[in-house]
Amino acid sequence: MEVANEVAMDDKAKRMRDLLSSFYSPDPNNNNNNSNNVSSRFATLDTINTTSFDADQYMNLLVQKSNLEGLLQRHVEMAAEIKNLDTDLQMLVYENYNKFVSATDTIKRMKNNIVGMETNMEQLLEKIMSVQSKSDGVNTSLFEKREHIEKLHRTRNLLRKVQFIYDLPARLAKCIKSEAYADAVKYYTGAMPIFKAYGDSSFQDCKRASEEAIAVITTNLQGKLFSDSESIQARAEAVMLLKQLNFPVDNLKAQLFEKLEQFLVDLHLESKEIPHTSADQGNLRESATSAAHEASIREFAEAVRAYRVIFHDSEQQLSRLAQNLPKMHFEATQQHIKTQLASCDLVAMLRIIWTDVLLMDEVLPEAGLRDFTMEAADVAVKQYIASRFSHLLLDISGAVVKVGNQMEGVEEENCLQATLEASKKAVLQGSMDVLLDFRQLLDENLELLSKLRDLVVDWVQEGFQDFFKKLNDHFLLLSGKKYPSGQDLSFREGIQGDKILPALVLVLAQLSVFVEQNAIPRITEDIASFFSGGGSRGYENGPAFVPAEICRTFRAAGEKFLQHYINMRTQKISVVLNKRFTTPNWVKHKEPREVHMFVDLLLQEVDSIVKEVESILPEGVNRKHRRTDSSGSTTSSRSNPLRDDRMVQSNTQKARSQLLESHLAKLFKQKMEIFTKVEHTQESVITTIAKLCLKSLQEFARLQTFNRSGFQQIQLDIHFLKTTLKDTADDEAAVDFLLDEVIVAAAERCLDPIPLEPSILDRLTQAKLAKTREQGPTS
Amino acid sequence: MQGGSNGVGYGLKYQARCIADVKADTDHTSFLTGTLSLKEENEVHLIRLSSTGTELICEGLFSHPNEIWDLASCPFDQRIFSTVFSSGETYGAAIWQIPELYGQLNSPQLERIASLDAHSSKIKCTLWWPTGRHDMLVSIDEQNLFLWSFDTSKKNAQVQSQESAGVLHSLSGGAWDPHDYNALALTSESSVQLWDLRTMKKTNSIDHPHVRNLDYNVKRKYMLVTAEDESGIHIWDLRMLKFPVLDLPGHTHWTWTVKCNPEYEDLILSAGTDSAVNLWLASPPSGDKPTTESFDSPYKPVDPLLNSYSDYEDSVYGLAWSCREPWIFASLSYDGRVVVESTKPHLPRK
Numbered sequence: 000m001e002v003a004n005e006v007a008m009d010d011k012a013k014r015m016r017d018l019l020s021s022f023y024s025p026d027p028n029n030n031n032n033n034s035n036n037v038s039s040r041f042a043t044l045d046t047i048n049t050t051s052f053d054a055d056q057y058m059n060l061l062v063q064k065s066n067l068e069g070l071l072q073r074h075v076e077m078a079a080e081i082k083n084l085d086t087d088l089q090m091l092v093y094e095n096y097n098k099f100v101s102a103t104d105t106i107k108r109m110k111n112n113i114v115g116m117e118t119n120m121e122q123l124l125e126k127i128m129s130v131q132s133k134s135d136g137v138n139t140s141l142f143e144k145r146e147h148i149e150k151l152h153r154t155r156n157l158l159r160k161v162q163f164i165y166d167l168p169a170r171l172a173k174c175i176k177s178e179a180y181a182d183a184v185k186y187y188t189g190a191m192p193i194f195k196a197y198g199d200s201s202f203q204d205c206k207r208a209s210e211e212a213i214a215v216i217t218t219n220l221q222g223k224l225f226s227d228s229e230s231i232q233a234r235a236e237a238v239m240l241l242k243q244l245n246f247p248v249d250n251l252k253a254q255l256f257e258k259l260e261q262f263l264v265d266l267h268l269e270s271k272e273i274p275h276t277s278a279d280q281g282n283l284r285e286s287a288t289s290a291a292h293e294a295s296i297r298e299f300a301e302a303v304r305a306y307r308v309i310f311h312d313s314e315q316q317l318s319r320l321a322q323n324l325p326k327m328h329f330e331a332t333q334q335h336i337k338t339q340l341a342s343c344d345l346v347a348m349l350r351i352i353w354t355d356v357l358l359m360d361e362v363l364p365e366a367g368l369r370d371f372t373m374e375a376a377d378v379a380v381k382q383y384i385a386s387r388f389s390h391l392l393l394d395i396s397g398a399v400v401k402v403g404n405q406m407e408g409v410e411e412e413n414c415l416q417a418t419l420e421a422s423k424k425a426v427l428q429g430s431m432d433v434l435l436d437f438r439q440l441l442d443e444n445l446e447l448l449s450k451l452r453d454l455v456v457d458w459v460q461e462g463f464q465d466f467f468k469k470l471n472d473h474f475l476l477l478s479g480k481k482y483p484s485g486q487d488l489s490f491r492e493g494i495q496g497d498k499i500l501p502a503l504v505l506v507l508a509q510l511s512v513f514v515e516q517n518a519i520p521r522i523t524e525d526i527a528s529f530f531s532g533g534g535s536r537g538y539e540n541g542p543a544f545v546p547a548e549i550c551r552t553f554r555a556a557g558e559k560f561l562q563h564y565i566n567m568r569t570q571k572i573s574v575v576l577n578k579r580f581t582t583p584n585w586v587k588h589k590e591p592r593e594v595h596m597f598v599d600l601l602l603q604e605v606d607s608i609v610k611e612v613e614s615i616l617p618e619g620v621n622r623k624h625r626r627t628d629s630s631g632s633t634t635s636s637r638s639n640p641l642r643d644d645r646m647v648q649s650n651t652q653k654a655r656s657q658l659l660e661s662h663l664a665k666l667f668k669q670k671m672e673i674f675t676k677v678e679h680t681q682e683s684v685i686t687t688i689a690k691l692c693l694k695s696l697q698e699f700a701r702l703q704t705f706n707r708s709g710f711q712q713i714q715l716d717i718h719f720l721k722t723t724l725k726d727t728a729d730d731e732a733a734v735d736f737l738l739d740e741v742i743v744a745a746a747e748r749c750l751d752p753i754p755l756e757p758s759i760l761d762r763l764t765q766a767k768l769a770k771t772r773e774q775g776p777t778s
Numbered sequence: 000m001q002g003g004s005n006g007v008g009y010g011l012k013y014q015a016r017c018i019a020d021v022k023a024d025t026d027h028t029s030f031l032t033g034t035l036s037l038k039e040e041n042e043v044h045l046i047r048l049s050s051t052g053t054e055l056i057c058e059g060l061f062s063h064p065n066e067i068w069d070l071a072s073c074p075f076d077q078r079i080f081s082t083v084f085s086s087g088e089t090y091g092a093a094i095w096q097i098p099e100l101y102g103q104l105n106s107p108q109l110e111r112i113a114s115l116d117a118h119s120s121k122i123k124c125t126l127w128w129p130t131g132r133h134d135m136l137v138s139i140d141e142q143n144l145f146l147w148s149f150d151t152s153k154k155n156a157q158v159q160s161q162e163s164a165g166v167l168h169s170l171s172g173g174a175w176d177p178h179d180y181n182a183l184a185l186t187s188e189s190s191v192q193l194w195d196l197r198t199m200k201k202t203n204s205i206d207h208p209h210v211r212n213l214d215y216n217v218k219r220k221y222m223l224v225t226a227e228d229e230s231g232i233h234i235w236d237l238r239m240l241k242f243p244v245l246d247l248p249g250h251t252h253w254t255w256t257v258k259c260n261p262e263y264e265d266l267i268l269s270a271g272t273d274s275a276v277n278l279w280l281a282s283p284p285s286g287d288k289p290t291t292e293s294f295d296s297p298y299k300p301v302d303p304l305l306n307s308y309s310d311y312e313d314s315v316y317g318l319a320w321s322c323r324e325p326w327i328f329a330s331l332s333y334d335g336r337v338v339v340e341s342t343k344p345h346l347p348r349k
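Protein chains in written order, with numbering that gives the first Met the number 0: chain E, 0 to 778; chain L, 0 to 349.
Same shape as in the complex, but just chain E (with noise of 0.2 angstroms):
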């Protein structure tokens, strides 16, 4: 419509239209101005919808750019145009007439409506000042009644109370026959306070029959709180009426903790009594006694979960309790770890603790029991290892020392021997046993020693290495070759009261040599099929049983036991040597008789040594057959006598041309190879003895000086020497080696080196061989 408005082609029309414009757009003007000024710039055919149309601009545009007969057409539709617009404004102004006239009839019936008014709001004033005069007088006239009504509503209300004062004794009795103690609570301190305020005069009985009731129920509650029976609930219940009654909980609390730590103690006792039952009686006991112990074990756990559910803020002093449980346990368990303990014992006896401590844990996860267990495990485990060696230790070395104390008896080479066995077999089973044991210790699926699996494995490693360690200082201690350092000083001084004894030592050589040879790869065997693996010692720094290590210094140790053995054989019989060429005045000795009996003292020590080394020692592999004619004793050398004469014959044949013949022999002859590497046979040992020996008696005899006398008798005891000592020593060439030097050595300090006849000789030669013969068979 305002478009049709704004098409005006004249002046009228165009104020028309800006009337229009005024009165219907809000801002004409504005329109105005920027339509100008866009039409006076851009003259376009579109302008004439706008309010800056220009009638003859638009004109000329339109002759400039249209042909003829698009303005004729132009024509025809802007005519078409016009006519629209001006109907439609015909109609407008038809309208707003219409609007005006029913306007001014409104106003025209207001006019009329209005006149009565007045006279009705000055009625309603009226009616209004009216009621309100009438409510004044109401109001005055109730007001002194309800404060009456009001006073009396309070003292009611303070006479409800006093009476509630007064019936609480009895209500209380009540409450305590009903054992409704929670309202006989409520009740007496809702009265508190008025006890308080008039407790001293007005209610004074009233009161003291209220607290003799409330310390009734008191005492029933603390009776409640102890009581086991009572469910937990009744019992915190208990407390809780307790502490609203200012009663001292902390006492009450003290001394249920106080209970609670005998119960502990109790079970203490208990749990050490079990291993002891178990070790001595059936299953069936054992059984009985571990299913009472995981009964009160589980009586304690639900003591400490009432306890704790009862004093809320406990539980640290719980834990501390609770810890206090495997405490005892582990106490208990060392005990028995210092005794000996199988590993089944140990596992049963952990596994009770685990059990106890799970049990525990459950009811009281703050003590953290798991791993405090864990570690006092890990210690107690430990410890068992080590102790395990220790009397692997002790057990070794009560089968050694027994050679000391059965070496007095009869058949000492049999004994000999079944000490080395039983020695062998404690080595050997024993770690064996060891063995057994910690991987019982393994094999278990308790979790509490499955976490420690590497840790043994470790310790186990370890464990053997240094017990092979220990074991060869222990050695090393009975055969006297060390020294004892301060703690085990005491222990030394008695195996010193009695000495040493050879045979130990050959014993521990022997041990040595088989803990070399067979303990040690047995054993690392077993290691790396069950005890591999670890690892928590780190890689560097390599396995902690390192055999090849173990091996080496047993090897040695079986050296140095067999030199030691030796010297103190060789020792022994150096006694006797010295003995005989010190004593005599060898310068004023008478002409020789017979064969000075040294030589007997000489091969009966001998023998000894020979007994002693085939009972232990193993036969050389070279020399099988010669077992069969010397077994062990001289009486093979006496038993042939054909050979024997021979033997003789040649000898003083020899004797004659001796000195010469020796000195001559020395020049030529490469220098005899006296001194050889000792090996762990008899013949080796035997031979080296007999050779150092006879190098003691060439040194014996060079210290002295000889008549002739003199020489001859030494001459006459080596040439009896000679038949006798042949069989027994293995190095035939360097024993006569040897016997010879031994006439040399007194032929050089001889002041008048003249042989004995060969005749004579043999003669006093077979006049001993005779003489021993005869003894023989009686002796």
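Source of the hints: derived by calculation from the structure; they are not laboratory data. Note that CB positions come from ideal geometry on N, CA and C, so glycine has one too. It is possible that some hints are incorrect.
To be verified - Here are the simulated DSSO-like cross-link-like pairs (lysine-lysine), alpha carbons at most 30 angstroms apart as the crow flies:
#1 E/K578 / L/K241
#2 L/K201 / L/K218
#3 L/K241 / E/K559
#4 E/K721 / E/K571
#5 E/K587 / L/K38
#6 E/K587 / L/K12
#7 L/K241 / E/K401
#8 E/K82 / E/K98
#9 E/K578 / L/K121
#10 L/K201 / E/K578
#11 E/K589 / L/K121
#12 E/K578 / L/K200
Said to hold, decoys possible - Sample of chain E residues at the chain L side, in silico, Cβ under 7 angstroms:
#13 N566
#14 T569
#15 Q570
#16 S573
#17 V586
#18 F674
#19 K694
#20 E698
#21 T704
Said to hold, decoys possible - These stretches of chain L come out as covered by chain E in the derived footprint (C-beta under 8 angstroms, 3 or more residues):
#22 216-230
#23 249-261
Model the placement of chain L on the given structure of chain E, informed by the hints.
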């Protein structure tokens, strides 16, 4: 030294047991040795190592009336020495002086300046105080200990004091403490006895039998080294006599003698009847060492045996370090062969 381990040899005519370093001779490395022959005329040889160290030269050859069982050189006068001798049943000990200008004389005679003839049983050895001038001399027989005061200028020796060790303890030798001229160690059949010469009393003893020879460590006070027949060498701390501080295996047969080096600490030389001389380096553990040792350490010890000289034909009884050139030692085997060796190739590098 040239020749490596091959020592310089020198042959005596007869068998011999004793050799001693001439300590007072500061210009030359020389040794005194005496023969042990029952029937022939015995000799004392003064041997000098040539300055090149390749030759042993006989500087003096003196006849000695009896076979010599022990010989000790005076530590402050190179011409004086003492011997212990015997022949058959007789025995004796004497102090001798090598005559001056002996080089010019044809057959120089030793001058006997004193006889130590107070002994009533077989004399074992004579001792001079090893460290310096001390006009005293100790002689030991099987049962007695004699302290002689010896006057060089007056040329006589008198018994200062005398004490019996008891009939049961047959003494076999001894050593004089180089750190203290009042202390003396004696070897007897069953023990080592420590004596104080001021009181002439036994102060202490080590109950360790079969000690054949012993020597004080010159460089370490309180250290005593003993050699036993069978059980090798032991090193003792005189403040702790219960157990030895160190064991050395010694020799295959008897360990006859031990000698501590006068200059190098812990260097010990031993000679044995297995015809060998062993050179040891033995450092006794000091204080807290055993506690720190780990498991592995005891099994990788340094072998204390530095070298074994085994090129001998017979038992070696005589052994002496040279004080002048402390890396040199002389050894004497029973067949009368003196061998001077240098230990230099075997000494550990410092």
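Check, residue by residue, whether the region 216-230 of chain L contains three or more positions whose beta-carbon lies closer than 8 angstroms to a beta-carbon of chain E, and give the verdict. holds (count 3)
Satisfaction of the E/F674 interface hint, Cβ to chain L closer than 7 angstroms: 4 angstroms, holds
Would the hint linking E/K578 and L/K241 be met if the CA-CA limit is 30 angstroms? OK: E/K578 and L/K241 at ~27 angstroms, within 30 angstroms.
Quick check on the hint: E/T569 CB to chain L CB, less than 7 angstroms? 5 angstroms, holds
So if I understand the rule, the pair passes when the alpha-carbon distance is 30 angstroms or less; does E/K578 with L/K200 pass? It holds: about 28 angstroms lies between the C-alpha atoms, which stays within 30 angstroms.
Supplied contact hint for E/Q570, tested at 7 angstroms Cβ to chain L: 4 angstroms, holds
Measuring from the C-beta of E/S573 to each C-beta in chain L, is the shortest one below 7 angstroms? OK, holds: E/S573 within 7 angstroms of chain L, min 6 angstroms.
Verdict on chain E covering the region 249-261 of chain L, where coverage means 3 or more residues with a C-beta closer than 8 angstroms: holds (count 3)
Distance restraint between E/K82 and E/K98, which requires alpha-carbon spacing of 30 angstroms or less: Given pair E/K82, E/K98 holds - Cα atoms ~26 angstroms apart, limit 30 angstroms.
Just to be careful: measuring from the Cβ of E/T704 to every Cβ in chain L, is the smallest value less than 7 angstroms? Holds. Min distance 6 angstroms.
Can you confirm whether the C-alpha distance between L/K241 and E/K559 stays at or below 30 angstroms? Holds: L/K241 and E/K559 sit about 22 angstroms apart, inside 30 angstroms.
Pairwise hint evaluation, L/K38 against E/K587, where the allowed Cα distance is 30 angstroms at most: 17 angstroms, holds
When the structure is compared with the earlier hints, no violation turns up for any of them.
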